[in-house]
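Asks: One letter stands for each residue in the lines below.
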Amino acid sequence: MSKWHFVTDGFVKNNPTFVLVLGMCPTLATTTSAMNGLEMGLATMFVLILSNIVISLIAPMVPDKVRIPVYITVIATFVTVLQLLMQAFTPSVYETLGLFIPLIVVNCIVLGRAEGFANKHGVGESALDGLGVGLGFTASLTVIGIVREILGSGSLFGWKFIAGDGILAFVMAPGAFLVLGFLMVLFNKYLAKK
Amino acid sequence: MEYFLIIVSAIFVNNILLAQFLGICPFLGVSNKLSTATGMSGAVCFVITLATVVTYLLNQYLLVPFGLEFLQTISFILVIAALVQMVEIVLKKISPSLYQALGIFLPLITTNCAVLGVAITVVTKDFALGGNAPHMLNLGQATVYALATSLGYGLAMCLFAGLREHLAGNDVPKAFKGLPIALITVGIMAMAFLGFSGIV
Amino acid sequence: MAAESTLKNMALCLTAVCLICSAVVGVAYAVTKEPIDAAAQAKTTASIAAVLPEFSGVPEQGSVGMDGVEYKYYKVDDGLYAIISSTSGFGGALTLMVGIDDKGVVHNTTVLSHSETPGLGAKCTTDEHFISQFRGFDPAVKSLTVKKDGGDLDAITASTITSRAYALAVSNAVAVYHKLTDGGQGNE
Numbered sequence: 000m001s002k003w004h005f006v007t008d009g010f011v012k013n014n015p016t017f018v019l020v021l022g023m024c025p026t027l028a029t030t031t032s033a034m035n036g037l038e039m040g041l042a043t044m045f046v047l048i049l050s051n052i053v054i055s056l057i058a059p060m061v062p063d064k065v066r067i068p069v070y071i072t073v074i075a076t077f078v079t080v081l082q083l084l085m086q087a088f089t090p091s092v093y094e095t096l097g098l099f100i101p102l103i104v105v106n107c108i109v110l111g112r113a114e115g116f117a118n119k120h121g122v123g124e125s126a127l128d129g130l131g132v133g134l135g136f137t138a139s140l141t142v143i144g145i146v147r148e149i150l151g152s153g154s155l156f157g158w159k160f161i162a163g164d165g166i167l168a169f170v171m172a173p174g175a176f177l178v179l180g181f182l183m184v185l186f187n188k189y190l191a192k193k
Numbered sequence: 000m001e002y003f004l005i006i007v008s009a010i011f012v013n014n015i016l017l018a019q020f021l022g023i024c025p026f027l028g029v030s031n032k033l034s035t036a037t038g039m040s041g042a043v044c045f046v047i048t049l050a051t052v053v054t055y056l057l058n059q060y061l062l063v064p065f066g067l068e069f070l071q072t073i074s075f076i077l078v079i080a081a082l083v084q085m086v087e088i089v090l091k092k093i094s095p096s097l098y099q100a101l102g103i104f105l106p107l108i109t110t111n112c113a114v115l116g117v118a119i120t121v122v123t124k125d126f127a128l129g130g131n132a133p134h135m136l137n138l139g140q141a142t143v144y145a146l147a148t149s150l151g152y153g154l155a156m157c158l159f160a161g162l163r164e165h166l167a168g169n170d171v172p173k174a175f176k177g178l179p180i181a182l183i184t185v186g187i188m189a190m191a192f193l194g195f196s197g198i199v
Numbered sequence: 000m001a002a003e004s005t006l007k008n009m010a011l012c013l014t015a016v017c018l019i020c021s022a023v024v025g026v027a028y029a030v031t032k033e034p035i036d037a038a039a040q041a042k043t044t045a046s047i048a049a050v051l052p053e054f055s056g057v058p059e060q061g062s063v064g065m066d067g068v069e070y071k072y073y074k075v076d077d078g079l080y081a082i083i084s085s086t087s088g089f090g091g092a093l094t095l096m097v098g099i100d101d102k103g104v105v106h107n108t109t110v111l112s113h114s115e116t117p118g119l120g121a122k123c124t125t126d127e128h129f130i131s132q133f134r135g136f137d138p139a140v141k142s143l144t145v146k147k148d149g150g151d152l153d154a155i156t157a158s159t160i161t162s163r164a165y166a167l168a169v170s171n172a173v174a175v176y177h178k179l180t181d182g183g184q185g186n187e
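Just so you know, the protein sequences line up as chains A, B and C, in that order.
The opening position of the first sequence corresponds to residue 0 in numbering that gives the first Met the number 0, with each subsequent residue numbered one higher.
The opening position of the second sequence corresponds to residue 0 in numbering that gives the first Met the number 0, with each subsequent residue numbered one higher.
The opening position of the third sequence corresponds to residue 0 in numbering that gives the first Met the number 0, with each subsequent residue numbered one higher.
Honestly, the hints are just simulated from the structure, not real lab data.
Careful, some of the hints might be misleading.
As the list claims (entries may be wrong) - Part of the chain B face toward chain C, derived, beta carbon under 10 Å:
#1 Val12
#2 Leu67
#3 Phe69
#4 Leu70
#5 Ile73
#6 Asp125
#7 Pro133
#8 Asn137
#9 Gln140
#10 Thr142
#11 Lys176
Beta carbons are placed, not taken as given, at the ideal position from N, Cα and C, and that holds for glycine.
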C-alpha cells in the first residue's frame, strides 16, 4: 500500500471544506476571486505542512496536559514566520488577504490535523497529510473563488470575458454563503451517487 | 457621538458574522437550538471584551514600546488561551450557576477566530466614523467596539438559531439537509444586513 | 505515547518550546526586516512617482497638523508635494496620495488603501473617467466637490459617498499644501 492515499484522502473523503466543514472563516471571506482563494489556500498549506512535521516530531516528548498550548505556540510561530515572509516578498498579497493571515492560527483545520493526525503518526505521513489536506483546502477555496469571480465580476483569474459589472452580490458577503451552500449541495449529490 | 457610531457600526453595518466572516465555525456548530446559541453568545461576549482590553494593554505598553509588533499574533493567541482557562477556573469558583450556563462553551472559544480577529483589528486598523478623519481607537473606544461587536455576534447567532429551529421541522431536499440549507439561509440574512451598509 | 505530566516536565517543556519558537521568530524577523523595509520603501517611491511629474533628488518626508489631524507628506525639489490624506469613505478609511505641483495644481492622485464595496465604490481605483478628472485639476479655478453638491466633478455611478470622500481627501490635501507653502517656505 503506497502512502499516496494520505494525500488523496484530503481531496475527497476528508475534504476540509465540504466534508469536515472546518476553517469556514477564510473560506468565506477570502474567496472573492479565484486568485485570492488560491493564495489563501497556499498560505494555509504552508503552515499546515510545517506544523504537522514539527508536531509529529515533538509529540512523544510533550506532556499530555500542556499538549494544546505547545501546539498553538508551534502553529503561531509558523504563522508569524509566514506573515514576515509575505510582507517581505509578496506585500500586495499580504495586503489583500489582510487579517486572515494571522487568523490561520485559529483555523480549526491546522489544530485539528495536529491533534487528530500528526501526534499519532510519523514525520513522513504527517507531511503527506498536511500536503493532502492543504491541497484539498486550496482546491475548495479556488473553486469557490472561481464561481464567485465568474458570477460577481464576469472574469476568471483576472481575465475579463464579460464586459460590465456582473452580479455584485456574489462578491459581497451574501454571495459567499450562497455559493458555499450550493456547492455543498452538489458535493453531497456527488458523494451520494458514489 | 462617536461611541454611538461605533456601536451601530459594529452591531449592524459591519456585523462580525455576516459581513466580516469571523467566528463562523462555532456559529454553524451551536446554532441548532436557541438555548445553546444564547449560552455561546454570552460566553463570546464576555471573552471578546476581556481579551480585547488585555491584548490592547499588552500591545500598547509592552509590544509597541519595544518595537515588537510582529509578535502580535503569537502573543495575543497565548494570552487569549490563558485567559479563557483562567475565566473557566474563576467562574467555577465564584459563580457555579454562570459556569453551568457558559462553561461548556469556554474551551471552544480559544479557537473562535472572532476573539483573535477583534483583538488584532483594534490594534491595527484605522477606524473611519461619521466623517471624522480615520484614527486608531483608544482604550475606551476599543472596549466599546469589542462589546458591541460581540453583541452583534449574539444578535446574528440568536436570530439564526430561531430560523434554524423552524427549518428543522421542514421538508427540504435530501442534498440540502443540514449545513447547505443553513448556509443558504445565512446568505439571505447577510443580504438583509447589507441594507444597513452606509448608514454611519 | 505522550510523556507523563508532572509540574516539572510541563514547565520545562513549555519553556523549551517557547524558547525555540522565539528563536525561530527572531531569526525570521532579522532575515526579513530588510526586504520588508525595502518593499514599503518601494511602494512609497512608486506612489510618489505616480502622482508627481518627473523630478530629481530624494523626496524629503515630513508631517504637519491641520484641524487636529496629522498629515504626512513628501517634498521634492522645485516645490512639488505628495501629500497623504485620509477620509472616511463608504466602508471605512479611504487613504489617498495627492501630488500637487509648484503652482498649486493637482498633478495626479492614487489610492493607497481603501475598504469600499467591490464593484461600486472600489471603482475609485480603476474608473478612468473618475480618476482622470483630478489630473491637472486647478482648485483655484474649479470646485473640488461632486456635481450633486454643486461642484465640478462627476461622481462614480452609484457611489456618491465614495466620490465625495475622494474629493474631500483631495481638497484636504490642497489645504495642507497651502498651509505648507504659505507658512513661510512659499516662494511668492
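Asks: Compare the structure with each hint and give your call.
Replies: Now for the hints, and whether the structure bears them out:
For Val12 of chain B, the shortest C-beta to C-beta distance to chain C is roughly 9 Å, which falls under 10 Å, so the interface hint holds. Proximity of Leu67 of chain B to chain C holds as hinted, the smallest CB-CB distance being about 9 Å (cut-off 10 Å). Restraint check, Phe69 of chain B versus chain C: the minimum CB separation of about 6 Å is within 10 Å; hint holds. With a least beta-carbon distance of about 7 Å to chain C, the hint placing Leu70 of chain B at the interface is held under the 10 Å criterion.
At about 7 Å, the closest approach between the beta carbon of Ile73 of chain B and any beta carbon in chain C falls short of 10 Å, and the interface hint on this residue holds. Using the Cβ-Cβ criterion of 10 Å, the hint placing Asp125 of chain B at the interface with chain C is satisfied: the shortest such distance is roughly 5 Å. Interface restraint check for Pro133 of chain B: the shortest CB-CB distance to chain C comes to about 4 Å, inside 10 Å, so the restraint holds. Interface restraint check for Asn137 of chain B: the shortest CB-CB distance to chain C comes to about 14 Å, outside 10 Å, so the restraint is violated.
A distance limit of 10 Å between C-beta atoms decides the matter here; for Gln140 of chain B the minimum to chain C is near 15 Å, and the interface restraint is violated. With a cut of 10 Å, the hint placing Thr142 of chain B at the interface with chain C is violated, because the nearest CB-to-CB distance is about 20 Å. Interface restraint check for Lys176 of chain B: the shortest CB-CB distance to chain C comes to about 32 Å, outside 10 Å, so the restraint is violated.
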